Amino acid sequence: MKLNINTTHKKVYRQIVEVIRSIPPLDTLRSRELDVLAILMYYNYKFRNVEEEIRWRVINDTSTKREMQRDIDMNEDIFNNNISLVRKAGLIDKEGKIIKSLQIIIEDRYDIHFGFKIFDDEL
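Numbers 77 to 199, taken from this note's numbering, label the letters of the sequence shown in order.
Treat each hint with caution, since some may be false.
As the list claims (entries may be wrong) - Below, simulated DSSO-like cross-link-like pairs (lysine-lysine); rule was C-alpha separation at most 27 Å, straight line:
id : residue 1 : residue 2
1  : 141       : 164
2  : 78        : 170
3  : 78        : 141
4  : 141       : 170
5  : 176       : 193
6  : 164       : 87
7  : 86        : 176
8  : 173       : 78
9  : 141       : 193
10 : 164       : 78
11 : 164       : 176
12 : 141       : 173
13 : 193       : 122
14 : 173       : 86
15 : 193       : 86
16 : 176       : 78
17 : 141       : 176
18 : 86        : 122
19 : 193       : 170
20 : 86        : 141
21 : 141       : 122
What the hints assert, rightly or not - DEER-style ranges, computed between Cβ atoms:
id : residue 1 : residue 2 : range
22 : 139       : 84        : 19 to 25 Å
23 : 180       : 80        : 17 to 23 Å
24 : 96        : 147       : 16 to 22 Å
25 : 193       : 138       : 18 to 24 Å
26 : 100       : 197       : 18 to 24 Å
27 : 198       : 80        : 36 to 42 Å
28 : 154       : 193       : 36 to 42 Å
29 : 134       : 193       : 35 to 41 Å
30 : 166       : 188       : 18 to 24 Å
31 : 183       : 139       : 46 to 52 Å
32 : 195       : 146       : 25 to 31 Å
By construction, these hints were calculated from the structure, which means they are not laboratory data. Computed from a predicted structure; not experimentally measured. Note that beta-carbon positions come from the ideal geometry of N, C-alpha and C, so glycine has one too.
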């Protein structure tokens, strides 16, 4: 099955986490926590031309976090609480970086491929 989806850079990261939200550990996250994860993914893209270690310092800077909060219409306390929950789910490390598999840089196209290995159901 192939679906072509027109989107924007800001929206595509939220759409990606929505598609994979049933897969652990994302399956433990609520909608607002997914919003926070997606905005972190977007800001990783937004600062893609900055060297990685510096990029995450910029992303975790207070002024950048305020910008992210405005982008997803979330106050500081709720945003920080959701960051903690995403970290607790193992998707953000102790330095404040999202895990490598979610540090996706999308230019003009992104394909997701699923490979399901199916076993017989136990009766």
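Do the hints match the structure? See the list:
Restraint check for residue 141 and residue 164: the C-alpha separation of about 19 Å stays at or below 27 Å, so the hint holds. Between residue 78 and residue 170, the direct Cα distance comes to roughly 37 Å. Violation of the 27 Å bound is thereby established for this hinted pair. In summary, the hint linking residue 78 to residue 141 is not supported, as the alpha carbons are separated by about 36 Å, beyond the 27 Å threshold. With a C-alpha separation of about 17 Å, the suggested pairing of residue 141 with residue 170 holds against the 27 Å cut-off.
As the CA atoms of residue 176 and residue 193 are separated by approximately 24 Å, the hinted pair is consistent with the 27 Å bound. A threshold of 27 Å between alpha carbons decides the hint, and for residue 164 with residue 87 the separation of about 24 Å falls inside it, so the pair holds. Of the supplied pair hints, the one linking residue 86 and residue 176 holds, its CA atoms being roughly 19 Å apart against a limit of 27 Å. Note on residue 173 and residue 78: the hinted pairing is violated, with a Cα-Cα distance of about 31 Å set against a maximum of 27 Å.
About 40 Å separates the Cα atoms of residue 141 and residue 193, which puts this hinted pair outside 27 Å; it is violated. A threshold of 27 Å between alpha carbons decides the hint, and for residue 164 with residue 78 the separation of about 34 Å lies outside it, so the pair is violated. The hinted pair formed by residue 164 and residue 176 meets the criterion: a straight-line CA distance of about 16 Å does not exceed 27 Å. With a C-alpha separation of about 13 Å, the suggested pairing of residue 141 with residue 173 holds against the 27 Å cut-off.
For the hint linking residue 193 to residue 122, the alpha-carbon distance of about 35 Å lies beyond 27 Å, and the restraint is violated. A C-alpha spacing of about 19 Å is found between residue 173 and residue 86, which places the hinted pair at or below 27 Å, so the restraint holds. A hinted pair counts as satisfied when its Cα atoms are at most 27 Å apart, and residue 193 with residue 86 does not qualify at roughly 32 Å. Distance restraint check for residue 176 and residue 78: the Cα-Cα separation of roughly 26 Å lies within the 27 Å cut-off, and the hinted pair is therefore satisfied.
The hinted pair formed by residue 141 and residue 176 meets the criterion: a straight-line CA distance of about 20 Å does not exceed 27 Å. Restraint check for residue 86 and residue 122: the C-alpha separation of about 9 Å stays at or below 27 Å, so the hint holds. As the CA atoms of residue 193 and residue 170 are separated by approximately 33 Å, the hinted pair breaks the 27 Å bound. About 15 Å separates the Cα atoms of residue 86 and residue 141, which keeps this hinted pair within 27 Å; it holds.
For a cut-off of 27 Å, the pair hint linking residue 141 to residue 122 stands: about 13 Å separates their Cα positions. In this structure the hint that residue 139 and residue 84 lie 19 to 25 Å apart at CB holds, the actual value being about 23 Å. A hinted range of 17 to 23 Å holds for the C-beta pair residue 180 and residue 80, which are about 18 Å apart. Range check, residue 96 to residue 147: Cβ separation about 21 Å, and the 16 to 22 Å hint holds.
The given range of 18 to 24 Å is broken by residue 193 and residue 138, whose C-beta atoms sit roughly 44 Å from each other. Between residue 100 and residue 197 the CB atoms are about 20 Å apart, so this pair conforms to the stated range of 18 to 24 Å. At roughly 38 Å, the beta-carbon separation of residue 198 and residue 80 lies within the given 36 to 42 Å, and the hint holds. Separation of residue 154 from residue 193 is about 39 Å and conforms to the stated range, judged on CB atoms against 36 to 42 Å.
For the hinted restraint 35 to 41 Å between residue 134 and residue 193, the CB-CB distance of approximately 40 Å keeps it satisfied. A hinted range of 18 to 24 Å for the beta carbons of residue 166 and residue 188 is consistent with their spacing of about 21 Å. Residue 183 and residue 139 have their C-beta atoms about 26 Å apart, which leaves the hinted 46 to 52 Å range violated. For the hinted restraint 25 to 31 Å between residue 195 and residue 146, the CB-CB distance of approximately 46 Å leaves it violated.
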